[in-house]
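Q: Throw the hints in and build the complete structure from the sequences for me.
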Amino acid sequence: MTSGAVYKDLLPIPAEDPTKIEDTTPTMTDQPTESHALAMEAAKSPEEMGAAQEDHDEEVVNLGWNEPKEEVANPLVGGLDNEELWMLVRRFNKQMYHVKEIPTPPAGDLDLNIADEEEFSPDKLRSNIERLYMTIGIGLMGFGKHIVRLRSWRETRRTAWFCTAYFIAWMFDFIMPLLSVTLIALIAYPPIRPIMFPPAPIALVSNKTGGVQKPKSGTLGSHDSATGAPENHKGEAVEQEASNFVNGIASVALSSATGKHPQGEPPSEDGEPAGSVPDPTSIAVGAADAKDKAAGGTPTKEHDKTKVPMETAMWTQMRPIMHGLADVTDGWERFANALSPTAPFPKNRYRLRLAALVAPLLIVSLSVSPYMFIKGMTFGVGFGFFGDPVISRGLDLLNRKYPNWAKLLELRNTVLKGVPTNAQLTITLLRIGEANKAPLPPPPHIATAPPEQPAELSEKDLRATGADYPLKATTEELDEAMAPDPTTAHETGGTDIDASKNSKHGKKGSKVLNFFRGTVKGGVETAIGTDKIKAKVGSAHAQNRLGAVPKKNADLTSGPIEFKARYKGGKGHVYITTKATIPCVAFSTNNTIEKIGTAEREDLHPLWSIPVGEIKEMRKVGGYGWKAKLVVGWAMSREVADGLEIVTKAKAGVGEQKIKVTALPLRDELFNRLVAMGGQKWECW
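With full-length UniProt numbering applied, the sequence shown has no gaps in its numbers, which climb one by one up to 685 at the end.
Keep in mind that the hints are not guaranteed to be accurate.
Result set (DSSO-like, lysine-lysine): computed pairs, CA atoms no more than 30 Å apart in a straight line [to be verified]:
1. LYS651 with LYS571
2. LYS417 with LYS616
3. LYS44 with LYS100
4. LYS571 with LYS629
5. LYS536 with LYS551
6. LYS407 with LYS568
7. LYS660 with LYS568
8. LYS347 with LYS401
9. LYS44 with LYS234
10. LYS69 with LYS460
11. LYS552 with LYS579
12. LYS571 with LYS437
13. LYS437 with LYS216
14. LYS100 with LYS620
15. LYS534 with LYS571
16. LYS521 with LYS472
17. LYS571 with LYS94
18. LYS375 with LYS347
For the record, the hints were derived by calculation from the structure and aren't laboratory data.
A: Following this line, the structure appears as structure tokens:
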């Protein structure tokens, strides 16, 4: 009997009840990515125990939310100091704006990758430039300081060893094998790194002599920053440097656009018009056009035909530029996390993989002569320059046969597969706390300024190879360099730099600014009062703005279970319950809570309740627009509490829901809990 096609095997079996939709809500226990799996494993059977990994009988254990850092158990996660953890979380908060769930397995088996269609905004561009400074910028500065130290011969023994090894290898044509062996050793054997390149604070090393210098901030208050500025938490100085780096670029660009040329200005006198107005670089309202008009130009789009197309081209290119910056920074972070992994990621897997990839280079360098190497390299250059017809046809063939070949060959899917970026590392650490129902406390807030005193130096921060003194400096020289000196931070390269850098408002200009600030403050307070009336008559925009500017000295503490917030203008709390099999997030008004007496009761009769696994998208939103936010911050010197938009999945007969909660003082902390506790695979938008 011949067998034929059985059509019932080719077609799906119809559902018994077409209206019934199976529950596909993902949970962390499903371990949809390696991040979830590592978090579950670290929560249940950690190699090193932290406070968030200890067994407990509570529904949710509070490990020190809203407490001073001295009161929080250390470490929260085994193998990682709290200061390192909080540094990662702070930078995660700045980087995350908008996440969406993806149905397919993520690249490299780690979620929270950046979407190809990521939305552009100037604030995101700023965030990416800051990330670039904090990772690549600081890393290259440290590398440059090591090169200067070696070339200076101040650390004589170390430089002599490098010099001897190099010229012996040069004599026997072994330069490439020597470099290959050195690279493999640095990758595969971490203890050799501080021996070959002994650590020293970046700000303490002169980029001219390789010796000791006075840090630019006037004291050595931090070890990993370019200025050595004091800090309350590890990494804060670098973050502030990154912010000021972007501000500095904007200030220089704005000064150039407005035609600031202090060397050509006449001497100032009291009573002149310039003393009655602020510096144009401080207000930046149409200043570039004003400069052109003052020079006799007509900077309108009717007269200047390049104005519109150039502006359009610049803004159009901003998204790919921003995406490129993010990709470069992600790659740098992945290499750093491969060379120095953080728990719960494997300690040796990625380092050995990288070393194994470099090993063939050693074998090739032993068998290939310098002549063959030069010939091959010059052939490659020539083929790349003149071989476009062959290359383009080959790429067309690849695109037809294997449409996603470029994606498959990305570093995150090959060499660095499974290696996290700092954001992916952070969400894995947050998931460890959520898996054990012990959410990690947010970075503690310290209102006081960091102390003007040198940070403690240990052998981990400053050392030398062998019997050399660190940086060939005496203890007295080091103490003098680290001692506070308030004048150092103001030193520049000359009077021309001073004149260009300083803003001159004039006495009357300052009075004008203070007058405007007082006037604007009154206007803002009036607008806030008007919003209350508009909200009562149903204005959605006014409801979203209610409570966004909290009263002075208001108690904003909340978490980890309930978070002060507003929904459609009404005061209440967003709270997370994990007693059920599937965790839920809900909102109850203050009136309900006051009647029952506690925010932890299950019978709160919430206005809405959502299973965490049903969330498919979250976006951080503002109660005020960015311009209004600037005005409020400038006039009232208050922090503006922003909001969170949650989008749920569509169900049978019910479309997706959009819920917006506003006036959330702990918006980032609620976002982090929701993004970490479910089984969703997220993508950054």
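Q: Evaluate each hint against the coordinates.
A: Here's how the hints hold up against the structure:
no. : hint               : in the structure
1   : LYS651 with LYS571 : 29 Å, holds
2   : LYS417 with LYS616 : 25 Å, holds
3   : LYS44 with LYS100  : 28 Å, holds
4   : LYS571 with LYS629 : 21 Å, holds
5   : LYS536 with LYS551 : 20 Å, holds
6   : LYS407 with LYS568 : 43 Å, violated
7   : LYS660 with LYS568 : 8 Å, holds
8   : LYS347 with LYS401 : 38 Å, violated
9   : LYS44 with LYS234  : 29 Å, holds
10  : LYS69 with LYS460  : 23 Å, holds
11  : LYS552 with LYS579 : 36 Å, violated
12  : LYS571 with LYS437 : 27 Å, holds
13  : LYS437 with LYS216 : 45 Å, violated
14  : LYS100 with LYS620 : 12 Å, holds
15  : LYS534 with LYS571 : 16 Å, holds
16  : LYS521 with LYS472 : 56 Å, violated
17  : LYS571 with LYS94  : 27 Å, holds
18  : LYS375 with LYS347 : 40 Å, violated
The structure shown violates the earlier hints numbered 6, 8, 11, 13, 16, 18.
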